[in-house]
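Engineer: Please model the entire structure based on the sequences and the hints provided.
Protein chains in written order, with my numbering: chain A, 1 to 562; chain B, 563 to 765; chain C, 766 to 1192.
Accuracy of the hints is not assured; some may be wrong.
What the hints assert, rightly or not - Heads up, incomplete: computed chain A residues facing chain B, CB under 8 Å, no partners named:
#: 1; residue: I185
#: 2; residue: N190
#: 3; residue: F239
#: 4; residue: N253
What the hints assert, rightly or not - Facing chain C, from chain A, some residues (calculated, C-beta under 10 Å):
#: 5; residue: G147
#: 6; residue: G245
#: 7; residue: S282
#: 8; residue: R283
#: 9; residue: P285
#: 10; residue: F312
#: 11; residue: K349
#: 12; residue: I371
#: 13; residue: D382
#: 14; residue: L427
#: 15; residue: M451
#: 16; residue: G453
#: 17; residue: M454
#: 18; residue: A542
For the record, the hints were derived by calculation from the structure and aren't laboratory data. Every residue, glycine too, gets a C-beta built ideally from N, C-alpha and C.
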Amino acid sequence: MATIAVPLGAEIESHEAEAVQRPALSEYLRWSVDHKIIGVQYGVASFLFFIIGGAMAMLIRLELWTPDLDVMVSGAAYNSLFTMHGTVMIFLFIIPMWAAFGNFVVPLQLGAKDMAFPWLNAFAFWLIPPAAIVVLLGYFVTPAEAGWTSYPPLSTLFSGDGQTLWALGAHLLGISSIMGSINFIVTIFNMRPPQMTIWRMPLLCWAVLATSIIAVMATPFLAGALTLLLLDRVAGTTFFDAAGGGDVLLWQNIFWFYSHPAVYIMVLPGMGVLSEVLSVHSRKPVFGYRMVGLSSMGIAFVGFTVWAHHMFTSLQPELRIPFMITTMIIAVPTGIKMFSWLGTIWGGKIRFTSAMLFALGFMSMFVIGGITGVMLAALPFDIHVHDTYFVVSHFHFVLFGGSVFAIYAALYHWFPKVTGRMMNERLGRIHFAFTYFGFLFTFFPMHIVGMLGMPRRVAVYDEAFANWNQLISFSAFVLGFSTFIVIYNIIRSYYRGPVAGANPWRALTLEWATTSPPPVTNFTDDPIPFEDPYGYGTEASAAYLDAVEAAFDGNENRTILD
Amino acid sequence: MTSYVDRQEKLKTGLDRDAALRLKNNRLGMTIFQASWIMVFFAIIVVNWQLRFSYAQWPPVGVAPFDPLLPSIATLALLLSAALVRQGWGGLRGGKLGEFLVSWRLAMALGIGFMTIIVYEFMTVSEAALATQYGITLRLMTGFHFVHALAILAVMLHVYRGACAGAYSGGEREAWAVEGAAKLWYFVAVAWMLFYVVLYWIR
Amino acid sequence: MEDNRSNTPSISPAAIVVAAVFIIVSAIGINWFTSFVPVVLPDQASAESKSVDELFYILVIIGGVVFFLIQGMLLISVIFFRARGDDRSDGPTYHGNPLLELIWTIIPSLVVVFLAVVSFNVWSQNSEPKAAVNMINGEEIAIKVTGARYAWTHTYETGRLDPDGDPIVINSGDALHTYIGQNVDLELRTQDVIHSYWVPAMRVKQDLLPGNPAAGGRPTEIRFTPIRVEGAQYPAEYPIVCAELCGDGHGRMRGTVVVYEDEQQFLEQFYDPAIHAILNPPADPVLRGEIVIQEYVCHSCHVLDSLGWTSRTGPSLNGIADRAGERVPGQSAEEYIVTSVWDAAAFLVPGYAEQMAQFGPDQPDTYQMDAEQLYSIVAYLCTQGEQSDCDLENSTTAIPEAIKTVFGLEVDITFGQGDGEATDAEV
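Structural biologist: If you want it as structure tokens, here you go:
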């Protein structure tokens, strides 16, 4: 048995005496280089954009209640609505939301004082509000209406100035994402204390590392594509204008070379969260830790070779087969993760906390997205369902059933660490029930309407699909309602939740070996991680957890100061 | 007492813990940034490459191929400039400020010479070429590269003026600015080599 | 970490029972699910659809096994491995099992290889070029599809010549006419943005890509062979859908595939009457205009009750003749309509953006419209209204004069000499 390593020496006494001071709310509105403040800034901003994007989704579903155009003034208004919905959800919600958890949790999990480049970190965040304003402003001039994918020539020769603003905003967000990712990689490589070896790193750090590698290698392609789009729009070049010798498939190639890996940017951190949450709340080590970590890298690598499956109906036929094969291969590392998670909870002592419920919900929903992903990779079947509601359903199973469920799991899991107070578990369970069933009945029927013949991105559709769409819209409203529950829960718990203490979940990773919320420098000295980040069930780990509890939560009457 | 930095590093640089860590972070960050941002140049090479398929031949019918003579001279100037930057940086590390100032002055002059030729190339694309992607992609690539070269030249100038004012007499932390500017200038050279080959030699 | 393997859970009788239950449940579940396949996919109206649907069956069965395996294991975990009461203990310290991990790497890999091979076979079978395409009267003809915002136009290049020596081209608007067993091979071109030609019942889809007009565009190709659907009434109709976002009217960019029972029925009900109508155009410009206006994409943006058009992208054409005289000061009703067809941007109806395509003799493909066609369209539009501003009694002189005034073109109004009977046929 290994020796018990407790991260604190002589400091224990002083910790017991203090009440925990939370940062004043006004600090979150100011420039700050503290990764914890920045993490919360990212989180709150992204969540606001989630609400905006969600409201847009509600309007979309309202329009689709009937087969005719009745809520929107024109088809173009509807087009700009879903363009904004996609852009906001991808660039302003999911990607920055993972930057939020990455920022808050990764340095703590590594045992670092801060990120490698604190100033750059703040700068990357503060690029987001102006970029968001530029993108959203586009909605009020002649809006972008070419979808978030912005295929030319619709986005070049046939769109208004909003499209230019859209491209500018996306450019800024891409740069923010690159800067954030460089920061994560350097932090993970350089800021680990000596005892935190690479194979002791928590799996969230592995996932953020893989994500960041994807982001730094792929996002420049988005920058390149957007530069060309802007030049075509404002400088009169003809890169995407066939009449001038350009090629419309050029955009698709370069855009998807970024945007397919971007799917993994959006879901890999969620997979990291899942490994954390499932292990902690089922009190069992992650099954096959190394394979889970390496499969993140595998997904990152293979993710670069599959982009052209988005072009199955436009690519030259002879080029389609190789991309079908690579796309199918990516199911293998994803499957490894899925089975490893099952192995993790199998035989454990599952606590049905809200975080755990959402993690289980992720597994239950993401598997459907995975299965339909393989179905879509099968070229002949994809030809039928390409650009239909089947695809809409598939990527919402991946990005909502995957990413958003993981974001909720992460929220319930780390909220006590961020605020020092617990979230309300009963409300969490209600929230989960509404989200899970609302989600399932919104998106599962979309597979069927897609296969039956409903294309995506239409405001007007065949009357034969009216009943299905009413079911979908109704469920979508239920799903939309579920957001209010979590908003209420967040606000209420921030002020009135029970005091969490340092380690409410009795988790072994380092972020729990400090106060909640952690002090400005995170740890008083280089913390020594437990020999195994997920080594639950041993006497050593129990002793370690008891020591942490004694070190930080010895005083029963701890208070949180605002 | 634990340390963020392995002891070898400490012995080598003689820096205290935080400064050594900052240097290490800066170096890795610069490497990752270079690896990342070179991808934009690759993306633009993909553009050039894919647009070739819009035409039966490259350069397109009726368009005279670009003369590689002047750009080759420019390329040589740029490479020489990068080598001088390297030499000056080495000199500064050896404590020879004078060598640094001379080398960087020369390097920046060569850099300006390179950029002048590139601007000339940009301005003098024939009408026939500009009617096709052959000319448009040349403008895209030279223009895109020029913007980077200009920005990084400005960084070098800033560092040079700092050196004139005596900012880099000893402290390693400030010397990072020199190292960073030098590495950015290498980046300019590498990025240009990629474009140079694609633009003038791959038909 | 070897020391932790000691508390590996061994296989218990309960686990065997659970596995057996899983197998039974998934067998029933998959069986139940596949019984829905006819409900979740449209009619199998092409030879290609059979093999695609077979692939779908395979995917659903394999997907179903994975689905029930994972959901089943989740359910079992949730039920059996929950911490009961105030059990605060940890689970077993079980770090993994290399053999198990190897198995769940290799088996999915094999499944993926299997699926790739099956998909490849279906793909090569479906994409193989066929001999004897578009056979009509024993000859191969070219059938071309043009996508323009927001309508499909199908043209049949019959290979025949009319008495003047011009080729006879049938324009069937947004309907593709074919018959069971015909190897359809369409050449697809777009005039503006990317569209995607999708016939759900045929399980085929192909994007239309803008190309350089100087280089002959960038035609793409789509192939399918209609087959008999049990219980269908012939001629049977299947929707054509645009699957790639193309703008405001994307959702309305639809068409119809009309499948006839055999070539005989195809010739009798579509092909021969269409040729007859082209060879014998009605003499009355209004009747002729009614035909011509439907050959263009006008219906994709305008409302016109008398032809059943409902799109609201552009201004309504209902009662257009009542308003035409007052729109632009100094312009007669004829002149206004003439201008609006060829040069829509000259006057924008308040509330509408400049987005109508340019029509005219110099425009490409489906935007090409000669002065005679313009004449007949204007003649037809002049009748749309209760108190037409047009000079209906002298339309044979008023409209050509308007065309001459606005565009400086002479119109040969003697072009239509037929008896007009052919208008009864489907054109």
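Engineer: Decide, hint by hint, whether the structure agrees.
Structural biologist: Tested hints:
no. : hint : verdict
1   : I185 : 5 Å, holds
2   : N190 : 5 Å, holds
3   : F239 : 7 Å, holds
4   : N253 : 6 Å, holds
5   : G147 : 5 Å, holds
6   : G245 : 6 Å, holds
7   : S282 : 6 Å, holds
8   : R283 : 4 Å, holds
9   : P285 : 5 Å, holds
10  : F312 : 9 Å, holds
11  : K349 : 4 Å, holds
12  : I371 : 4 Å, holds
13  : D382 : 9 Å, holds
14  : L427 : 21 Å, violated
15  : M451 : 5 Å, holds
16  : G453 : 3 Å, holds
17  : M454 : 8 Å, holds
18  : A542 : 7 Å, holds
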